[in-house]
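A.B. asks: Each chain is listed here by its residues.
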Amino acid sequence: MNRNGPIALIFNALFLAFLLAPILVVCAVAFTPDGYLSLPTKGPSLRWFKAIGDNPEFVRAFKDSLLLGAVSSTIAIAVAIPAALAIARHQFFGREAIQALFLSPLMVPHIVLGIAFLRFFTQIGLGGTFTGLVLSHVIIILPFALRLILAASTGMDRSIENAAASLGASAWTSFRRVTLPLILPGVASGWVLAFINSFDEVTMTVFIASPETTTLPVRLFLYIQDNIDPLVAAVSALLIFMTVGAMLVLDRVYGLERLLVGRGRD
Amino acid sequence: MKGGMTMAASTDATTSTTTDAAPSAPPPVRTGAGWSWTPYLLSLPGLALFAVLLLVPLLMTALLSLNSFSFYGGIQDVWRFDNYAEILADSYFHEVFLRTFRIAALVTLLCALLGAPQAYILRRMKAPWRGLCLLIVLGPLLISVVSRTLGWALLLGSTGLVNQGLMALGLVAEPIEFMYTETGVVIALTHVLVPFMVLSVWASLQRLDPQVENAALSLGAGPSTVLRRIVLPQIVPGILSGSIIVFALAASAFATPAIIGGRRLKVAATLAYDEFLNTLNWPLGATVAILLLLANIVIIVGCNRLVERRYKQVFE
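Just so you know, the protein sequences line up as chains A and B, in that order.
With the working numbering applied, the first sequence corresponds to residues 1 to 266, in that order.
With the working numbering applied, the second sequence corresponds to residues 1001 to 1316, in that order.
To be clear, the hints were calculated from the coordinates, so they are not data collected in a lab.
Glycine included, every Cβ here is placed at the ideal spot set by N, Cα and C.
There's no promise every hint is true.
[Said to hold, decoys possible] Here are the simulated distance ranges between beta carbons: (1) Glu96/A / Tyr1092/B: 37 to 47 Å; (2) Trp1079/B / Val59/A: 44 to 54 Å; (3) Val1078/B / Pro40/A: 51 to 61 Å; (4) Ala1215/B / Met156/A: 33 to 43 Å; (5) Leu1232/B / Gly125/A: 21 to 31 Å; (6) Thr41/A / Tyr1180/B: 24 to 34 Å; (7) Tyr1092/B / Thr74/A: 44 to 54 Å.
[Said to hold, decoys possible] So, partial list: chain B residues that the calculated Cβ filter (under 8 Å) puts toward chain A: (8) Tyr1092; (9) Ile1143; (10) Ala1272.
Taking the hints into account, I'd like the entire structure generated from these sequences.
C.D. replies: Rendered as structure tokens:
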């Protein structure tokens, strides 16, 4: 009886169709050869993907997004590794409070963070700068990096480190040669997840981006507010393809279910 | 915001196994035994970053909400609760907040009705299908909200596929107006947030031993009795904590209501955005933001407490 009946299978099919429909429609419309929104019934064309390359604003926003994602994920990882090691293996006063603080950006609506950063950066003269974007993104993606590194450093075998220490390795050597390689899957997946979250963020970034320094989702959002044409479908399709690519890598390396649910595959 | 509150349970497991010596310290010093600076030094970069870049900006926003604004003079340095009084008194703001919570409640209900059965169906699937379906369900979480909402704008337009399909089937004579309506926003937001519900129910189903179901069946219970008496009580906490996540995210959603709802159908988040970037009344925008933050904290912390107390035995 532990098998799905026909009604359950139909429900499942409809549910998956509901989830996939808008994504597939965007990808289909992106390949239209026409100058207006339509499905590519006369065969696919790359016309609108080429048009992205001719739009310097989208190209620059795309480059800025990639750089922003890479820089802020790297900083987030660098901050999260020592914090995760402290939380995972030390009992100390304020440990729970520190962990709650590091995870708190998950609880604050991004619209509130956007407003808070806009106010803060305008006051200290970082308004509309790339530095401001990096700093704010580090805050919102750090919880994702921290969770994965925390899980990796909690599960690892400590006796190898103790062996390294007893054989005379310094703390730094032991970290570099023993600890880091052991938690590397968590660190790498944390970096990718942080990158995806930075790359996709729009609600907070729309407040702190300036016309000169902006991200691709923000540029896309502002464009869609004015008009919807095949160009935005092509940009969206590009974003979807990139995410699916990153997702497949993550699924191979770490397991998507483990990544999102936070437990093993079995 | 992704996966917001599910981590509370998974990180609790880290509290054990931390009593032995810190490997990063020189061997003779055993940090488990006495006071040590090591954990504080390790978390110092993060603490400094969060103090300056999270607590200070939020505090400044709270202070900004007490300032006043005049069209010619800009932001005035006064410290009063005038903006809060204005929002409490003005029926326009009532309407916006009411609409926000109405949409959030509907989205939560739909997510529970769709997500909980889907999680149960997923769990009963066999190996290759289960992984594939789970990938399709969870994958959209990682795709940009703007892309996903654009898909709905394409589907729901007056000449979109949904209306074309409905008219071809003869179900409606004229295209239904989805764009710039609450119905459209609810559909698109349900799509954006339902994976969180599946995740949450899925996590609670992991604790359910399939043998218990088999035992009930072998003792003569019908499938519907098993569902009602065995499965449902186990997944109710999952549905409730999923509902908290979905409601909080729906109430503060921005990009989807902005694109599907347009400029006229305002919710709290798009209202704050307009006050900041169009009207330039920053103090009022900050007030809306602070109210949204407070509502969020009350819902998340308050409901989590309630759920955990009511279903204590399930969480242990």
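A.B. asks: Enumerate the violated hints, using their earlier numbering and listing them in ascending order.
C.D. replies: 5, 8
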